[in-house]
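A.B. asks: Below are the chains, spelled out letter by letter.
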Amino acid sequence: MIAIIDTGTGNLFNIQKVAGGEITNDIASIENADKIIFPGVGSFPFVMNRINPIKDVLVKKIKDGTPYLGICLGLEVLFESSDEGGSSGLSIFKGKIKKLTKGRVPHIGWDTVNILKDSKIFSGIKNNTYFYFLHGYYLPVNDYTTSTTDYGNMISSSIEYDNVIGVQFHPEKSGNEGVKILKNFRDGI
Amino acid sequence: MLAKRIIGALDIKNGKVVKGIKFQNIKTVDDPVILSKKYENDGMDELVFLDIYATNENRDVMYNLISRVAENINIPFTVGGGVDSIEKVHKIIRLGADKVFINTFALNNPDIIKKVSYEIGSSNLVIAIDAKFNGKYYEVYSNSGSMPKNLNAVEWAKTVENYGAGEILLTSIDNDGTKSGYDNELIKIVSENVNIPVIASGGAGSPDDFCNAFKAGADACLAGSVFHYNIYTASEIKNYLKGCGLNVRI
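Those sequence lines, one after another, are chains A and B. Residues in the first sequence are numbered from 1 upward in steps of one, following the working numbering. Residues in the second sequence are numbered from 1001 upward in steps of one, following the working numbering.
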């Protein structure tokens, strides 16, 4: 079963429609999940506050090797903190999420993704495909970066390390190519 | 490279699509979900649903529609019209909309922008500004373009940006429904004075109108009639824009 984390806000049904699974913030359900999707709407401090009761089980599951897909904010919370403020993230990885400083912010719309490293989620996806972005904060390029988008600031559009995957864009809103990403996570990982 | 966006607008009354001329003479035309799917297949980048008859009685009809749209389309969509509480904002997002726009609610209580932005994230909050030139400046109107607010649209745009709005949906009341082109002056002065994306709305009739609005500073162009009455598809507009030297998703 895929657990789609209920952040108390956000477009969870869009993800469930494609990936299947259960929308939940129940500790036992998350503990039993085969895979976890952390969806992407809300501010960093608001959502970290909302998920505080399940923070420990989430971190444990991720460290135990459960496949994890973080979407937008779900990528950002993998790190220690954010310029958006509030309490600390899940701190799976070291680093800080930064505020975008170039062009119009937020970065809203369809932008191209430059694939740097092979990743299972990109199976069947051509380089420089358009995906839908909706964010004001970003992860600078680091060792885990598998794709980038140049928006003045060089954005990590996706990351992957062992069982942990994150995408800054919204696959659930990116047409057929986005659906492929969710299916790749559902079936291929 | 970030693409210029084409946004299809669907005015909704009692769960059905309508399109008014200058907010008057409204007639019912089509099923929103069927139309949304057609727009998605025709290359539309995004959709906006405006509940033009947002009473408490038909609120559930709108909620039901949001779920149906979310189930059936895979491009982003924004919902607004009559949103006057934070609970409604959350419900709309939770049912599957990506963004919510508010207008009169924010004008009546600007601080609400800060609260909504904190809770759902700045990127998911759009402030709709309806403006009309009063001979001296572009004046903001509330209540579906019926109530002048004695407020300069440029100043209001700067305020909403400072308070945490993620985007501005800028409608020219004069041009809306006329198919005579966007109000490029309005687009220019607002987009020059804010750093958040600006969606131009009101007046689209020809592919060149879109090109001119983008060149005036719009990040996205919203249109109803031209798509609604099948005069152009989003792909046709985008092919034209490419010829204009603009970057679009084709």
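Calculated directly from the structure, the hints in this document are not laboratory data. Errors might be hidden in some of the hints.
For lysine to aspartate or glutamate, the following EDC-like pairs were computed, each having C-alpha atoms within a straight-line distance of at most 20 Å [claimed, not checked]:
no. : chain 1 : residue 1 : chain 2 : residue 2
1   : A       : K98       : B       : E1071
2   : A       : K17       : B       : E1071
3   : A       : K180      : B       : D1060
4   : A       : K102      : B       : E1161
5   : B       : K1037     : A       : E177
6   : B       : K1088     : A       : D26
7   : B       : K1038     : A       : E177
8   : A       : K102      : B       : E1071
Given the structure is predicted, the values throughout are model-derived calculations rather than measurements.
A.B. asks: So, for every hint listed, does it hold in this structure?
C.D. replies: Structure-based check of all given hints:
Between K98 (chain A) and E1071 (chain B) the CA atoms are separated by roughly 33 Å; this puts the pair beyond 20 Å, and the hint is violated. About 7 Å separates the Cα atoms of K17 (chain A) and E1071 (chain B), which keeps this hinted pair within 20 Å; it holds. The straight-line distance between the Cα atoms of K180 (chain A) and D1060 (chain B) is roughly 33 Å, outside the 20 Å bound, and the hint therefore fails. At most 20 Å may separate the alpha-carbon atoms for a hinted pair to count; K102 (chain A) and E1161 (chain B) meet this at roughly 16 Å.
For the proposed pair K1037 (chain B) and E177 (chain A), the alpha carbon gap of about 16 Å is at most 20 Å, so the pair holds. Taking the CA atoms of K1088 (chain B) and D26 (chain A), the gap is about 25 Å. The hint is violated against a cut of 20 Å. Between K1038 (chain B) and E177 (chain A) the CA atoms are separated by roughly 18 Å; this keeps the pair inside 20 Å, and the hint holds. For the suggested pair K102 (chain A) and E1071 (chain B), the alpha carbons sit about 34 Å apart, so the restraint of at most 20 Å is broken.
Hint compliance for this structure: hints 1, 3, 6 and 8 are not met, and every other hint is.
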